[in-house]
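Participant: Following the hints, put chains B and C with the ligands in place on chain A, whose structure we already have.
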Amino acid sequence: MAKVTIDGKTIEVADGTTILQAARMIGPDVAPPTMCYHSKLKTSGGYCRTCLVEVTKGSEKDPRPMPKLVASCRTNVMDGMEVGNLTSPKVIEARKGVVEFLLLNHPLDCPICDQAGECHLQDLGYEHGSAKTRTDFERRTFEKISLGDKIQLHMTRCILCYRCVKVADQITDNRVHGVLNRGDHSEISTYIENVIDNDFSGNVIDVCPVGALTDKTFRFKSRVWFTKPVCAHRNCDKCSGKVHLWYKGEEVLRVTGRKDQWGEVEEFICNTCRFDKKKTSDWEIDGPAPVNRHSVISANHYQTLKMGSEFKLNDVKPLSITEGEGS
Amino acid sequence: MLKIEPMENEVKFNSESLAVIEKIVARYPDGKHKSALIPVLHLAQAEFEGWLSPAAMDEVARVLNLKPIEVYEVASFYTMFNLNPVGKCLIEVCRTSSCWLRGANEIVEHIEKKLNIKDGETTADGMFSLKTVECLGSCGTAPMMMIGAQFHENLTYEKVDTILDSCKTENKRKTYFDNVNIEHY
Amino acid sequence: MGKKLLLAYDHVPGIKGFEVYRANGGYKSVEKAVKTMSPDAVVEEVKKSGLRGRGGAGFPTGMKWSFLAKPEGVARYLVCNADESEPGTFKDRYLMSRIPHILVEGMITSGFALGATAGYIYIRGEYFYIVSILEKAIEEAYANGFLGKNILGSGFNYDLYVHVGAGAYICGEETALLESLEGKRGNPRIKPPFPAIAGLYGCPTVVNNVETIAAVVPIINDGGEAYAAVGIGKSAGTKLISASGHINKPGVYEIEMGITVEDFIYSDEYCGGIKNGKKLKAVVAGGSSVPILPADKILTTPSGEKRLMSYESLADGGFASGTMLGSGGFIVMDETASVVENLHTFARFYHHESCGQCSPCREGTGWMEKILHKILDGHGTMEDIELLWEIQSKIEGNTICPLGDAAAWPVASAIRHFRSEFEEYVKNSNNLKKVRHYDSVNQLVSA
Ligand SMILES: Cc1cc2nc3c(=O)[nH]c(=O)nc-3n(C[C@H](O)[C@H](O)[C@H](O)COP(=O)(O)O)c2cc1C
Ligand code: SF4
Ligand code: SF4
Ligand code: FES
Ligand code: FES
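Protein chains in written order, with the numbering used here: chain A, 1 to 327; chain B, 1 to 185; chain C, 1 to 447.
Hint data in this document are derived by calculation from the structure and do not stem from the laboratory.
Note that the coordinates shown come from a computational prediction; the quantities given were computed from them, not determined experimentally.
A few of these clues could be false.
Lysine to any residue pairs mimicking SDA-like chemistry, simulated, CA-CA at most 20 Å apart [what the hints assert, rightly or not]: (1) A:K42 <-> C:A198; (2) A:K9 <-> A:P65; (3) B:K32 <-> A:D169; (4) A:K132 <-> C:I385.
Pulled out of the complex, with its shape left as it was, chain A reads as follows:
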């Protein structure tokens, strides 16, 4: 076990827990923001650098501070470690920088983006960015790419979190898309026109933190905040069958995996559940879905649950990180 203090709050966690996981166990007030980490994906995290924290004391044994800010999602705790997140001016400054970098080439098309309202980047910019942009250069653009009749890729919005690549690698056996080119020319693509087609392909939509991968069957049907998520399940022979149904009136507009309080999918679902079961009669309803992360949805339409009050914070399961695989 290791005792770790984050922004002055102490918790004891199992060895091998990352700083981020420990912070999430303490609660949303000290949890660093994340864009590329995903608790259900191995080797995720490390790319976006929004979760940087300052380690002011390395451990009981070696109390020296770490010389650089570290990615909390990829750094394990040590016994006696002390970490600054929101209490560290260095972290706040660095994070502002990261947000600015992430937004530098991001299109300002939130008004027409399907992800608006449940976009992690929108939240991040709002909570951790600075108000004005300082670039007058043209933003980088890419062509829209169709990945079949279910999934739309809008590469211009991508922040290269690698989650969709990892999900394809880890839960399907035939990845056809990946990261091409390098540097700021990097793009998610299939290179030659190709369809992402397998039973679990739709999960790339759920793991995408921005509006780069969206559900074509839902596109433009409604703004997210006019829809109401409901927990439901069905007996499915391919997946757990546990989903959120997104209702507008009586109509199911969209089916997604259930997301936890950090906006990360709890269990991946199959395409049959996602795309082919859009009638209430297909499902057993479990009750309204707790919505708490995405302020816009909750602020607008229904009873919000107080942050954290409905969730057992200690339920966040540490996932061991294995290096050297993945892409």
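Facilitator: Here is chains B and C with the ligands on its own, set in the frame of chain A:
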């Protein structure tokens, strides 16, 4: 985004190349044949007209038993792999610091004028392509350019002229792999 | 003449071939090591020598070797970093193309010390012609019993291969190199684990620069102490310096560490002074990544002493007034050179070479290049200079691998020491000489 055109001739490695590929793969431990990907892509580029068409990359994927996307991802990362057709002589001029200090920009302009193409273009007859590149490790003999696998150093306008004239009749697409001897593995 | 340990036989005709190399004392270190020493004793000698990594970071080699994990029944690898792509650096190319056997010999002796099953030399793709030189040398070493099974009857089995890259500076970063060697994109890995624990194919691995490996040869031949006696303090031994730019005699020089910078620039044994009798303006002392220094600061330390060619002396003064030895890429600029234009070539380089994995480097490097381009085109503002400073400070220290820092430092140091020159570009934008600034070409198009 590229669309695959139906290929008239199927792209297949010849038997010589396949023998070389076997030797390359043998350098790596069992099951680690993916390590051979970059050397094999070089081989493919040399055999298939100096660039990697989607069909050529698919052939590499087939031979090394990889998913095509794994090959595309790698091929598009490295600057030596051409994903578009190139001329028979690919002229790569370094324009980083040391070369710039010694007149690389002027050399590029000279070549542009001489061949009537711009940086990044290929002549209409498909003979020459010009590409400016980053430091090639010839900074002490700057300015420099590379054609095929050949370094040309301490360039002057006259030297460039002589070299380009002598290249006019040569197909340099292959040469960069020609002088590599993989026999003793 | 300073002492030569690596290039001592550089001018012997035929030194490229096995026979001549052997006749001049070649492969003695292998004989000595495998026949008379234990692997640990070889590591001990390297520790005693004080040898520090020549790839840029200067990490003590013996210590690095002693970190190598040695689990039972797991293969271990020695990988030689011959990716050499740092602008201004060409010493490894020189060494490999002229005396290939010293690298092969060093790879065998070092491989023995580490108990490695195989060694790989990862060489940048553009050095294609050197691949055949190395392969020939390796073939000769096999033929003479220095490679393969049961080397010199010692029971030590070891194979050595050359692996060619394909154009990516980032593959010089050791974990990106290992990814590339595994046939993947050259994306640096997130550390830990370090290669010493999980490197190539997840096995314990040591990655060392060409020059580092070559230096093991004289260390084992003459003993670690003899090596440590050369050089100055913690900068033990000799260093290959790649000298380029506005000097009379560009080239690769083996120097004994501790000679003065002034001597190196002006003496006839080395650079031979500034070209055309011009004045020295600035020096990038250790490859494009290290801070650029103006003439006065590169020649003297903050305390007013002559600066020496050593890790410590070049770093004297920290980033405020010092720099780093880095990879030894010594780029000299005379009074006519524009620091801003030079910086633009560096910024373009890092933009071009960023792997794109992490957001500060992926986005920041391109942004800095664009701003510099704008300033050079005469559209810059004073705010742009501040913005440049801001951007580099937001990249530095916040990225996955040190390429981010390497991209930030040249910008920071140029502004720190030559701010007025940036301001000149902004103020006199109307009188700027119109020069074309090439941007990165990613793929060719047909005319
Ligand atoms: C962006 C980047 C590029 C590098 N390029 C090289 C290189 O071309 N050659 C090299 O030997 N080391 C290079 N290095 C350093 C290596 O990561 C590593 O430290 C070195 O190979 C270790 O060998 P050494 O201890 O013998 O120096 C680079 C590091 C970074 C961060
Ligand atoms: S498309 Fe979405 S999930 Fe995939 S890398 Fe881009 S932002 Fe991440
Ligand atoms: S710092 Fe740059 S080169 Fe290094 S991992 Fe990040 S994006 Fe890649
Ligand atoms: S969430 Fe940790 S780096 Fe992206
Ligand atoms: S700067 Fe041109 S070869 Fe190094």
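Participant: Evaluate each hint against the coordinates.
Facilitator: Hint by hint, here is what the structure shows:
1. A:K42 <-> C:A198: holds, 17 Å
2. A:K9 <-> A:P65: Status holds; Cα separation ~18 Å.
3. B:K32 <-> A:D169: With a Cα-Cα distance of about 18 Å, the restraint between K32 of chain B and D169 of chain A holds, given a limit of 20 Å.
4. A:K132 <-> C:I385: Distance of about 18 Å is within 20 Å: holds.
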